[in-house]
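These are the residues of each chain, in order.
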Amino acid sequence: GAGVSQSPSNKVTEKGKDVELRCDPISGHTALYWYRQRLGQGLEFLIYFQGNSAPDKSGLPSDRFSAERTGESVSTLTIQRTQQEDSAVYLCASSLAWGPNEKLFFGSGTQLSVL
Amino acid sequence: TQLLEQSPQFLSIQEGENLTVYCNSSSVFSSLQWYRQEPGEGPVLLVTVVTGGEVKKLKRLTFQFGDARKDSSLHITAAQPGDTGLYLCAAGGTSYGKLTFGQGTILTVHP
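Respectively, the protein sequence lines represent chains H and A. According to my numbering, the residues represented by the first sequence are 1 to 115, in order. According to my numbering, the residues represented by the second sequence are 116 to 226, in order.
No wet-lab data here; the hints were simulated from the structure. Note that the Cβ used here is the ideal one computed from N, Cα and C, for glycine as well. Among the hints, a few may not be true.
[What the hints assert, rightly or not] Result set (DSS-like, lysine-lysine): computed pairs, CA atoms no more than 25 Å apart in a straight line:
hint: 1; chain 1: A; residue 1: 172; chain 2: A; residue 2: 185
hint: 2; chain 1: H; residue 1: 11; chain 2: H; residue 2: 57
hint: 3; chain 1: A; residue 1: 171; chain 2: A; residue 2: 185
hint: 4; chain 1: H; residue 1: 103; chain 2: H; residue 2: 57
hint: 5; chain 1: H; residue 1: 57; chain 2: H; residue 2: 17
hint: 6; chain 1: H; residue 1: 57; chain 2: A; residue 2: 171
hint: 7; chain 1: H; residue 1: 103; chain 2: A; residue 2: 172
hint: 8; chain 1: A; residue 1: 171; chain 2: H; residue 2: 103
hint: 9; chain 1: H; residue 1: 103; chain 2: A; residue 2: 174
[Claimed, not checked] Listed next, with one range per pair, are the computed distances between beta-carbon atoms:
hint: 10; chain 1: A; residue 1: 167; chain 2: H; residue 2: 96; range: 22 to 30 Å
hint: 11; chain 1: H; residue 1: 96; chain 2: A; residue 2: 168; range: 25 to 33 Å
hint: 12; chain 1: H; residue 1: 18; chain 2: A; residue 2: 167; range: 33 to 41 Å
hint: 13; chain 1: H; residue 1: 96; chain 2: A; residue 2: 154; range: 23 to 31 Å
hint: 14; chain 1: H; residue 1: 18; chain 2: A; residue 2: 172; range: 27 to 35 Å
Using the sequences and the hints given, assemble the complete structure.
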């Protein structure tokens, strides 16, 4: 696609429910990243994928968070038993390759609100 | 863990004024990126600096990387309302893909 696509753009859920957030990276980009952005704050790293593997999962806040990527394309971030503190914008980004100077292309994010 | 501190956190100025945003850390960076983010959108990369002392210009924006690669600045000349947004610095370290972001500077340029 032309850019990184995320869905849904907005998600309102009740505390305790599970949610799935989807990211479609730019076609051909091998690296994919998930970040979280709380209101008025910078981006918090969650996880990244090199191909379909996730070498570094240390940013996931708790075991309620998980992510997978299939076919070196679509990625899904799942949050189980959502809590109010999970409310934030979840941003996905992709890059052509992976490295310290790679240009990241971000999606518009999913605004998650946990009531 | 690298910690990036941006200042100021908020900046409200009139069109035509100059401004500087700072990004500082006690750690050495392998590279540093500046992003601009508008409401409802993801951040968009403005520039990447990798060499200590490096200066890059992008129209009215000037980016500088400190000699010791621990700090950076973004200077905007003759700011315009279209420059309004959240400016974020991000540092790459030894862990590829794990960019550390600053808290951001919210810039508002009034006509």
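Can you confirm whether the C-alpha distance between residue 103/H and residue 172/A stays at or below 25 Å?
holds, 17 Å
When you check the alpha-carbon spacing of residue 103/H and residue 174/A, does it fall within 25 Å?
holds, 20 Å
25 Å limit on alpha-carbon distance, applied to hinted pair residue 103/H and residue 57/H
Given that 25 Å is the threshold and the Cα spacing comes to 21 Å, the pair holds.
Within 25 Å, alpha carbon to alpha carbon, are residue 57/H and residue 171/A?
This hinted pair is violated, its Cα atoms lying about 34 Å apart.
Pairwise beta carbon distance, residue 96/H to residue 154/A, judged against the given window 23 to 31 Å
This hint holds: roughly 27 Å between Cβ atoms.
Quick check on a hinted range of 25 to 33 Å for residue 96/H and residue 168/A, using CB atoms only.
Hint holds: Cβ distance 28 Å, inside 25 to 33 Å.
Starting from residue 172/A, check that the Cα of residue 185/A is at most 25 Å away, please.
holds, 20 Å
Does residue 103/H sit within 25 Å of residue 171/A, going by the straight-line distance between their CA atoms?
holds, 16 Å
Straight-line Cα separation of residue 57/H and residue 17/H no greater than 25 Å?
Roughly 23 Å separates the two Cα atoms, so the pair holds.
Given the range 22 to 30 Å, decide if the beta-carbon distance of residue 167/A to residue 96/H lies inside it.
Given range 22 to 30 Å: holds, Cβ gap about 26 Å.
Are residue 18/H and residue 167/A spaced within 33 to 41 Å by their CB atoms?
Violated, at about 47 Å.
Pair hint residue 171/A and residue 185/A, alpha-carbon separation not exceeding 25 Å:
holds, 17 Å
This entry does not satisfy hints 6, 12, 14, going by the numbered hints stated previously.
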